[in-house]
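**Student:** Next come the chains, spelled out residue by residue.
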Amino acid sequence: MRRLLVVLSLVLATLLLAAYPDKPITFIIQAAPGGASDMVSRTITAIAQEILKVPINCTNITGAAGAIAMKRLQTSKPDGYTMGYVPVELSMVKALGYADFGPEDFDLLMRIMVIPAALTVRADSPWKTAQQFIEYVKTRPGTVTVGNSGPGSIWHIAALSLEKAAGIKLVHVPFDGAAPAVAALLGGHITAVTVSPTEVKAGVESGQLRILAVMSDERTPLFPDVPTMKELGYDVSIAAWGGLALPKGVDPEVYKTLADAFKKAYDSETFQKFLLDRGMTPAYLDGQKFKEFAIAQYNMFMEFIPKALGK
Amino acid sequence: MQQFMQGFLQAIDPRAILYLLVGTFSGLIIGTLPGLTATMAVAILTPLTFWLSPNEGLAMLIGVWNSAIFSGGISAILINTPGTPASIASTFDGFALTKKGMAGLALGINVVFSFIGGILGVVALILVGFPLARFALSFGPAEYFTLAIFGLSTMVAVSGKSILKGMISGFIGFSIALVGLDPIFGSERFTFGRMELLSGISFVPVMIGLFGIGEVLSQIFTKSRTTSADAQTVTQIKRVIPTFKEVKDLTPVALLSSLIGVVIGVIPGAGADIAGLVAWDQSRRIAKRPEEYGKGSLEGLAASTTANNACLGGALTTMMALGLPGDAVTAILIGAFIIYGVQPGPIMFRDHASFVYMVITLMMLANVAFLAVGFFFSKVLTKFLSLPQSFIWSTIIILSLVGSYAINNSAFDLMIVFLSGVLGFIFRLLDVPLGPIVLALILGPMAEANMRRALILSGGSFTTFFTRPISLILLILSAASLLTSVIRKRKS
Chain A
0 MRRLLVVLSL VLATLLLAAY PDKPITFIIQ AAPGGASDMV SRTITAIAQE
50 ILKVPINCTN ITGAAGAIAM KRLQTSKPDG YTMGYVPVEL SMVKALGYAD
100 FGPEDFDLLM RIMVIPAALT VRADSPWKTA QQFIEYVKTR PGTVTVGNSG
150 PGSIWHIAAL SLEKAAGIKL VHVPFDGAAP AVAALLGGHI TAVTVSPTEV
200 KAGVESGQLR ILAVMSDERT PLFPDVPTMK ELGYDVSIAA WGGLALPKGV
250 DPEVYKTLAD AFKKAYDSET FQKFLLDRGM TPAYLDGQKF KEFAIAQYNM
300 FMEFIPKALG K
Chain B
0 MQQFMQGFLQ AIDPRAILYL LVGTFSGLII GTLPGLTATM AVAILTPLTF
50 WLSPNEGLAM LIGVWNSAIF SGGISAILIN TPGTPASIAS TFDGFALTKK
100 GMAGLALGIN VVFSFIGGIL GVVALILVGF PLARFALSFG PAEYFTLAIF
150 GLSTMVAVSG KSILKGMISG FIGFSIALVG LDPIFGSERF TFGRMELLSG
200 ISFVPVMIGL FGIGEVLSQI FTKSRTTSAD AQTVTQIKRV IPTFKEVKDL
250 TPVALLSSLI GVVIGVIPGA GADIAGLVAW DQSRRIAKRP EEYGKGSLEG
300 LAASTTANNA CLGGALTTMM ALGLPGDAVT AILIGAFIIY GVQPGPIMFR
350 DHASFVYMVI TLMMLANVAF LAVGFFFSKV LTKFLSLPQS FIWSTIIILS
400 LVGSYAINNS AFDLMIVFLS GVLGFIFRLL DVPLGPIVLA LILGPMAEAN
450 MRRALILSGG SFTTFFTRPI SLILLILSAA SLLTSVIRKR KS
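Residue numbers (numbering that gives the first Met the number 0), protein chains in the order written: chain A, 0 to 310; chain B, 0 to 491.
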């Protein structure tokens, strides 16, 4: 009798697992509708739900640099029916003092993309290269104004890292998002910005702005002629990135089903075209490698942010 | 010319028109429901447009956007709750007209003048798009600060009878706006260790609480104390379509309001909510009967409804001419344009001229679309007012709660709605005006962050506000506006 029960429960368990997914999946987006995180999430889930044959419902939960949404994800049931988007802030929020979790508190599924920081000035400014700009700042420490997308944002960290690597002193001007910072640069109210190449693309193409360097390890496909800071001899590597995550403790079978489905969605022509159109560098990493990457970033931010921001 | 024809033909393609109408109807419903904003509607529909061709997808998005801003005025007029933040100023005179039994005419004014404002906004984009966009760039932190001050100078005018009560209302607004991360240092202010408060208290739940829940609570309270059925007058609708003479009389106010709407729309970061409020106050200077403002003035209602729709053409100008978002909706539209392979910005006019003409034609058509169905839709909705009051109250409460929850899927926001509802009720009980608190909530953060940014840029010197020409002009205008409002208050 006991044997029968064991067998029955095993069969039942297998059936249940084989049946995954048999109901809609909730997908938590940590940012407002319309932004980069939201568009990536909605596009990849729209493709993945065709593969998984169940609807994936996107929910936007904003606030505290995404910490509220990620906290919700972290404390959800790890049954494979709740997943979410995690941006670079996953590795930053603890260092910023907004939350008490890091990448190790999640089952990371995959990294999707990176967007590097870029040093951009006005096209009518005298600097043609990043070195010229840095040399100029050295002669006038604490007078050159650089806009970013908000205090403690990844683009603010980018400017702070550049300061440290080049041994210069800038005046940081935080704006409410990257677009207002770019507007201030176009209007000549500030001298430079350290936001993503996507944000300055319109200004660069119309000949009003000039990108001096990107801060990633490799050049961005959006502007292949622009050198990286590393090529120029400055050890700065700051990029925003995004990936997918599950609450910790998801069954390996369920994890594999999701990983396979989302990898297929990632590889689809529609999604690849979408990433390139939006100026994001496709940068797939599987769950394990993504975890190592996110933890390395986490350690870097935990070391850098408290010092740089005095937190 | 060939480019124009190509764009024009794409816009009037029957399938595009069909999607435009789908967008217009969705916008009417979303805009009318308190809490569901135009931004949210456009954002949620944008991914669907991947599967549509550019003219169909954009027709749908532009249709939603224009009609949601228009129809937000309907709930402002009928139930004193702005359907979207753009219609806050429409509650001042719109609901007063409803209480006078002129809900029908108020709704008609909303349709006609939203249309006039919308069309004039697009005309401005066509005629002076590039100079306007360049003007927008001359706004640095100092100018944003003085613009916010100019907007705040309206506070006396929206204070109702007592300036003191107005100031108390404004002070509470500024205090609420202080909560959250400091805009420059990123340090926490009044968050009490709660993660939900890090980004501050969301504006829309506060607005819905103050207006929607607050209004219902106060009506229940008044009704339980008085037996006279003075609320009966509300159910009168009368005619909806305004006469030609009425429209003609309101035209000067509408023209000034369109201008204000377009200019504020062009400036990135200042949107239709601010445009409506500023136009409502400034148009009073040329109004035939300025003393009626706030007590059911057709001119006041025409001003706010014109300005918020005129704002859209301005925001689109900045987006297309500079590639920068003029407001929250255009930020999302930039994404949609890029998906269709068009990078908004100056080169778009050279490389994708037919696309530009298509967008402009769709904007015009979207205004015609809501003009065509707006009268009928408004008239149907007025039937709502003839329902039993208990039914109206519970509907408003349910819509307010659902709408506020939907913004961020946050139970915390429900608490905010409820608390602001109680605050709105106390305000009505003590006759404290709602205008100042709303102004402070919208403009307080803009003033604070930009003053501090301007001071970073000037190295801490306050002279920057007086030496920059636009900033100085705005300060002088603010002083004049404040002074005339105070003098007017003294007289009455």
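I should point out that these hints are in silico values taken from the structure, not numbers from a laboratory.
Beta carbons are placed, not taken as given, at the ideal position from N, Cα and C, and that holds for glycine.
Just so you know, not all the hints are guaranteed correct.
Unchecked claim - Ranges between beta-carbon positions, derived for each pair:
#1 B/S161 - A/G166: 22 to 28 angstroms
#2 B/K247 - A/N56: 29 to 35 angstroms
#3 A/R139 - B/F461: 53 to 59 angstroms
#4 A/G166 - B/I425: 56 to 62 angstroms
#5 A/L231 - B/N408: 41 to 47 angstroms
#6 A/D123 - B/I425: 52 to 58 angstroms
#7 B/D430 - A/D99: 43 to 49 angstroms
#8 B/S137 - A/K262: 44 to 50 angstroms
What the hints assert, rightly or not - Some chain B residues well away from chain A (every beta-carbon gap over 10 angstroms; in silico):
#9 S223
#10 I331
#11 S389
Claimed, not checked - Per the computed footprint, the stretches of chain A lying under chain B, defined by three or more beta-carbons under 8 angstroms from a beta-carbon of chain B, are:
#12 92 to 100
#13 108 to 122
#14 142 to 150
#15 244 to 254
**Student:** For each hint, tell me whether it holds in the structure or not.
**Tutor:** Status of each hint after checking the structure:
Restraint check, B/S161 to A/G166: a C-beta distance of roughly 59 angstroms breaks the suggested window 22 to 28 angstroms. A hinted range of 29 to 35 angstroms for the beta carbons of B/K247 and A/N56 is inconsistent with their spacing of about 51 angstroms. Remark: the range hint 53 to 59 angstroms for A/R139 to B/F461 is contradicted by a beta-carbon distance near 23 angstroms. As the Cβ distance of A/G166 to B/I425 is approximately 57 angstroms, the hint placing it in 56 to 62 angstroms holds.
The supplied range of 41 to 47 angstroms is met by A/L231 and B/N408, whose beta-carbon atoms lie about 45 angstroms from each other. Taking 52 to 58 angstroms as the suggested C-beta distance range, the pair A/D123 and B/I425 conforms, at roughly 56 angstroms. Checked against the given bound of 43 to 49 angstroms, the beta carbons of B/D430 and A/D99, roughly 46 angstroms apart, stay inside it. Here the CB-CB span from B/S137 to A/K262 is close to 49 angstroms, well matched to the stated 44 to 50 angstroms.
Every CB of chain A lies more than 10 angstroms from the CB of B/S223, the least distance being 38 angstroms, so the non-interface label holds. Distance to chain A contradicts B/I331 as a non-interface residue, since its nearest Cβ pair spans about 3 angstroms, not more than 10 angstroms. At roughly 33 angstroms from the closest C-beta of chain A, the C-beta of B/S389 stays outside 10 angstroms, upholding its exclusion from the interface. Using a Cβ-Cβ cut-off of 8 angstroms, 4 residues of the region 92 to 100 of chain A lie near chain B, which meets the minimum of three, so the contact claim holds.
For the region 108 to 122 of chain A, the assignment as covered by chain B is violated, since 0 residues bring a beta-carbon within under 8 angstroms of that chain's beta-carbons and 3 are needed. Interface restraint, the region 142 to 150 of chain A with chain B: holds (3 residues with C-beta to C-beta distance below 8 angstroms; minimum three). Here's how the region 244 to 254 of chain A fares: 0 of its residues keep a CB closer than 8 angstroms to some CB of chain B, so the rule of at least three is not met and the hint is violated.
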